[in-house]
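Residue numbers (my numbering), protein chains in the order written: chain A, 1 to 224; chain B, 1 to 224; chain C, 1 to 210; chain D, 1 to 210.
Source of the hints: derived by calculation from the structure; they are not laboratory data.
There may be inaccurate statements among the hints.
What the hints assert, rightly or not - Derived, one-sided and incomplete: chain B residues facing chain C with beta-carbon distance under 8 Å:
#1 GLY8
#2 PHE25
#3 TYR68
#4 LEU73
#5 VAL163
#6 ASP167
#7 PHE171
As the list claims (entries may be wrong) - Where chain A lies over chain D, by a calculated footprint (3+ residues, C-beta under 8 Å):
#8 27-35
#9 66-80
#10 158-172
#11 175-188
Backbone N, C-alpha and C fix where the C-beta goes; we use that ideal spot for every residue, glycine too.
Here is how the chains run, residue by residue.
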Amino acid sequence: MNGAHDMGGMHGLGPIDAEIDEPVFHHDWERRVLALTLASGAMGKWNIDISRHARENQPPAEYLANSYYQTWLVGLEKLLVESGLVTADEIANGRSAAPLPDDLEERVLKAEAVEAVLSRGDNFTVEDDIPAKFAVGEPVRVLNNHPTHHTRAPRYVRGKCGVVERDHGVFVFADENSKGPGHRVGQHVYSVCFPAQELWGPDAAAADRINVDLWDGHLEAAPS
Amino acid sequence: MNGAHDMGGMHGLGPIDAEIDEPVFHHDWERRVLALTLASGAMGKWNIDISRHARENQPPAEYLANSYYQTWLVGLEKLLVESGLVTADEIANGRSAAPLPDDLEERVLKAEAVEAVLSRGDNFTVEDDIPAKFAVGEPVRVLNNHPTHHTRAPRYVRGKCGVVERDHGVFVFADENSKGPGHRVGQHVYSVCFPAQELWGPDAAAADRINVDLWDGHLEAAPS
Amino acid sequence: MSDSEDHSDPNHSHLSDTDLRVRSLESLLLEKGMVDADALEALIQTYEHKVGPQNGARVVARAWSEPDYKDWLLRDATAAIADMGYHGRQGEHMYVVENTGEVHNLVVCTLCSCYPWPVLGLPPTWYKSAPYRSRAVMDPRGVLREFGTEIGADVAVRVWDSTAELRYLVLPERPEGTEGMSQEELAALVGRNSMIGVEKVASPNGGAAR
Amino acid sequence: MSDSEDHSDPNHSHLSDTDLRVRSLESLLLEKGMVDADALEALIQTYEHKVGPQNGARVVARAWSEPDYKDWLLRDATAAIADMGYHGRQGEHMYVVENTGEVHNLVVCTLCSCYPWPVLGLPPTWYKSAPYRSRAVMDPRGVLREFGTEIGADVAVRVWDSTAELRYLVLPERPEGTEGMSQEELAALVGRNSMIGVEKVASPNGGAAR
Numbered sequence: 001m002n003g004a005h006d007m008g009g010m011h012g013l014g015p016i017d018a019e020i021d022e023p024v025f026h027h028d029w030e031r032r033v034l035a036l037t038l039a040s041g042a043m044g045k046w047n048i049d050i051s052r053h054a055r056e057n058q059p060p061a062e063y064l065a066n067s068y069y070q071t072w073l074v075g076l077e078k079l080l081v082e083s084g085l086v087t088a089d090e091i092a093n094g095r096s097a098a099p100l101p102d103d104l105e106e107r108v109l110k111a112e113a114v115e116a117v118l119s120r121g122d123n124f125t126v127e128d129d130i131p132a133k134f135a136v137g138e139p140v141r142v143l144n145n146h147p148t149h150h151t152r153a154p155r156y157v158r159g160k161c162g163v164v165e166r167d168h169g170v171f172v173f174a175d176e177n178s179k180g181p182g183h184r185v186g187q188h189v190y191s192v193c194f195p196a197q198e199l200w201g202p203d204a205a206a207a208d209r210i211n212v213d214l215w216d217g218h219l220e221a222a223p224s
Numbered sequence: 001m002n003g004a005h006d007m008g009g010m011h012g013l014g015p016i017d018a019e020i021d022e023p024v025f026h027h028d029w030e031r032r033v034l035a036l037t038l039a040s041g042a043m044g045k046w047n048i049d050i051s052r053h054a055r056e057n058q059p060p061a062e063y064l065a066n067s068y069y070q071t072w073l074v075g076l077e078k079l080l081v082e083s084g085l086v087t088a089d090e091i092a093n094g095r096s097a098a099p100l101p102d103d104l105e106e107r108v109l110k111a112e113a114v115e116a117v118l119s120r121g122d123n124f125t126v127e128d129d130i131p132a133k134f135a136v137g138e139p140v141r142v143l144n145n146h147p148t149h150h151t152r153a154p155r156y157v158r159g160k161c162g163v164v165e166r167d168h169g170v171f172v173f174a175d176e177n178s179k180g181p182g183h184r185v186g187q188h189v190y191s192v193c194f195p196a197q198e199l200w201g202p203d204a205a206a207a208d209r210i211n212v213d214l215w216d217g218h219l220e221a222a223p224s
Numbered sequence: 001m002s003d004s005e006d007h008s009d010p011n012h013s014h015l016s017d018t019d020l021r022v023r024s025l026e027s028l029l030l031e032k033g034m035v036d037a038d039a040l041e042a043l044i045q046t047y048e049h050k051v052g053p054q055n056g057a058r059v060v061a062r063a064w065s066e067p068d069y070k071d072w073l074l075r076d077a078t079a080a081i082a083d084m085g086y087h088g089r090q091g092e093h094m095y096v097v098e099n100t101g102e103v104h105n106l107v108v109c110t111l112c113s114c115y116p117w118p119v120l121g122l123p124p125t126w127y128k129s130a131p132y133r134s135r136a137v138m139d140p141r142g143v144l145r146e147f148g149t150e151i152g153a154d155v156a157v158r159v160w161d162s163t164a165e166l167r168y169l170v171l172p173e174r175p176e177g178t179e180g181m182s183q184e185e186l187a188a189l190v191g192r193n194s195m196i197g198v199e200k201v202a203s204p205n206g207g208a209a210r
Numbered sequence: 001m002s003d004s005e006d007h008s009d010p011n012h013s014h015l016s017d018t019d020l021r022v023r024s025l026e027s028l029l030l031e032k033g034m035v036d037a038d039a040l041e042a043l044i045q046t047y048e049h050k051v052g053p054q055n056g057a058r059v060v061a062r063a064w065s066e067p068d069y070k071d072w073l074l075r076d077a078t079a080a081i082a083d084m085g086y087h088g089r090q091g092e093h094m095y096v097v098e099n100t101g102e103v104h105n106l107v108v109c110t111l112c113s114c115y116p117w118p119v120l121g122l123p124p125t126w127y128k129s130a131p132y133r134s135r136a137v138m139d140p141r142g143v144l145r146e147f148g149t150e151i152g153a154d155v156a157v158r159v160w161d162s163t164a165e166l167r168y169l170v171l172p173e174r175p176e177g178t179e180g181m182s183q184e185e186l187a188a189l190v191g192r193n194s195m196i197g198v199e200k201v202a203s204p205n206g207g208a209a210r
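Turn these sequences into a full structure, and let the hints steer you where they fit.
As structure tokens, then:
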């Protein structure tokens with residue numbers, strides 16, 4: 001979706017406010033939102049792409065007004081309700097109307113498992129022997145698509161030409177994976193290098209480059 | 001500027017709320033904002049492009065949250081202060097700290113002049129005999145520029161190819177005119193016709209077209 | 001898709017704050033002598049009561065009735081519309097686009113809310129709002145569907161983004177069942193939305209235009 | 001340029017509302033037995049106190065000190081960083097980009113706020129904020145200037161937008177005046193901002209890195 005989250009190339013968002021000696025959290029509720037989000041993920045009801053879409057798919061005025069952890073909170077409430085883990089009424093009341101189903105009890109993240117779970121991380125690669133559509137050094141163009149669903153091809157590179165600089169290997173294709181179970185398909189991800197002037201015109205520095213990680217599904221061979 | 005006002009191609013802004021039998025104004029203050037804006041314009045301190053920029057140059061979260069006449073109000077207050085007609089203190093206090101300068105008194109719009117002023121309208125054309133850079137039927141490309149100032153070339157056509165369909169004549173170039181007095185230059189304005197698929201990709205209807213009015217300063221000859 | 005809260009509805013938020021802010025500004029400008037109270041009233045009266053889509057409807061009805069006028073309107077809309085007495089602010093340069101069996105026209109201003117005031121009056125809220133401005137150029141058929149207007153695949157949709165000082169008026173197709181009607185009767189059929197292009201003019205035998 | 005009001009500062013608005021909303025959600029999930037209070041505490045402790053830019057600084061110091069390690073880091077960052085004990089969530093796939101006299105690297109995530117947690121901890125607010133995300137790709141030299149970092153016209157700026165599951169760490173240039181320093185001493189010089197690429201590592205003779 002072409003949403004407010006797709007910020008590359010926007011003007012008017014103000015100066016960068018780099019706080020000196022910034023604490024990790026500014027409010028206790030930020031700690032809780034981080035922890036609740038990570039712990040709820042253990043239920044296995046969504047993947048990272050579904051959760052990214054839950055956060056970005058807010059009315060743009062709200063997305064822009066919300067802080068980072070406010071957006072995480074919006075996303076978490078949405079994920080919990082859409083996955084059926086809790087009901088909207090339960091969120092409104094702050095009280096549980098039904099216990100956790102038995103089959104989910106074993107999934108609950110325990111303190112003693114935290115270190116191992118974080119250290120292991122997630123698995124975004126696909127072992128399938130999927131051939132690469134493009135070779136390193138090959139000129140490519142980003143498809144000028146404007147899907148209403150989640151996509152990891154930012155709007156500022158759509159229709160633009162670059163060169164494949166590195167093949168990162170086969171990863172789950174985020175745009176499809178965001179649609180839910182059964183959409184886990186593997187594609188090569190490339191670091192595609194764009195001249196700054198290709199993206200932003202002649203006022204950009206001629207030497208500067210922007211590298212964007214893109215999947216096979218985002219690309220076509222550049223017109224010659 | 002690439003601001004929130006440049007909305008063509010954004011998703012997630014909700015359904016269209018077409019009110020049946022909508023009144024011209026929903027609140028009395030909307031009437032006042034319209035009238036104050038038109039009356040203040042009679043001071044001759046800004047042109048339409050300066051006023052458009054005053055409205056669009058808000059923090060994006062505020063632009064998106066404000067209603068149309070709220071944005072007019074923000075713009076009017078900004079224009080009044082930036083032009084020196086009133087001070088920020090006067091706006092904060094709602095009281096005049098100094099009378100209108102004598103040389104502006106004759107400019108004040110009187111009731112008996114309203115009809116004639118509105119009927120006459122503004123003059124956006126330039127009589128100079130300026131040659132057209134492009135001919136009707138010529139393929140053109142919109143420059144991929146991203147100026148931080150006001151521009152009337154929407155982001156969704158930048159870098160895209162179309163065909164000059166009509167030469168509307170010589171008009172004041174809005175992008176320059178927004179910079180203030182001394183920036184009134186004339187250029188041809190064309191209706192440039194873009195295939196929907198050129199702008200939005202293969203999911204758009206093949207037969208559909210989008211026409212955008214663009215100045216010579218927005219265009220270059222299309223690459224062959 | 002929206003899980004919006006009260007504060008996300010821009011037309012009904014902070015009303016009292018805004019109201020106070022406008023009253024304060026108005027009294028400042030009146031005290032300073034920069035604006036004249038009677039002039040403000042005259043401006044409001046003009047756009048609330050005198051100018052509106054009935055003007056555009058009369059232009060359309062005449063174009064439907066007089067082939068020579070229609071030719072003139074499509075060739076030099078500014079002059080042909082001025083001939084009806086409609087001209088001036090936000091209508092200084094007019095262009096009329098004709099709906100036919102081959103093409104359906106739709107007008108938008110994605111960057112602000114440009115609109116042909118002398119023939120249509122002030123724009124409705126939806127025309128000025130983000131949902132319409134964002135989608136009219138990218139998904140015009142979806143937008144038309146939201147207005148109940150289905151455009152066949154054999155008809156091209158043509159969107160006009162009012163990015164300069166040209167103002168657009170759609171000349172809708174004359175509906176069936178209007179043979180022999182007077183210009184006054186025809187004008188009564190022509191609603192604002194059909195001259196923006198989001199609806200067609202309904203046949204008097206069928207439903208009414210908005 | 002901003003004439004912003006209180007409600008436009010997202011980090012300091014509606015705090016009590018948000019606080020209440022989070023407390024309510026936490027008590028709901030605890031009551032339901034979906035989350036475990038001790039696990040929540042362990043998650044917070046991990047990211048508030050254990051994981052942070054000191055990890056990345058040790059990687060950088062080792063790369064500056066051991067040419068073989070640097071080769072490995074640039075060739076297979078994930079394995080070389082795991083060799084230091086840093087791996088897992090939001091650092092599953094690492095890529096290290098080296099600053100040289102010819103190129104200066106800068107990392108951003110324009111679409112959300114992807115960041116290499118195992119080596120840098122959680123991202124600072126500015127990294128997640130709209131001003132940085134919007135401008136890093138379009139005006140990187142302007143962004144660098146806001147951090148006091150001037151990049152010469154003879155040096156190319158290379159921006160890395162973290163749009164997939166690769167996470168980027170910048171290997172800064174080793175500053176002058178650090179010959180003979182231990183890895184521990186070197187690591188103490190390397191600040192978070194230099195590993196995102198918005199600053200250089202200052203020479204110990206000059207100012208300090210942030």
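Review point. So which of the earlier hints does this model not fit?
Key: Numbers 5, 6, 9 and 11, in rising order.
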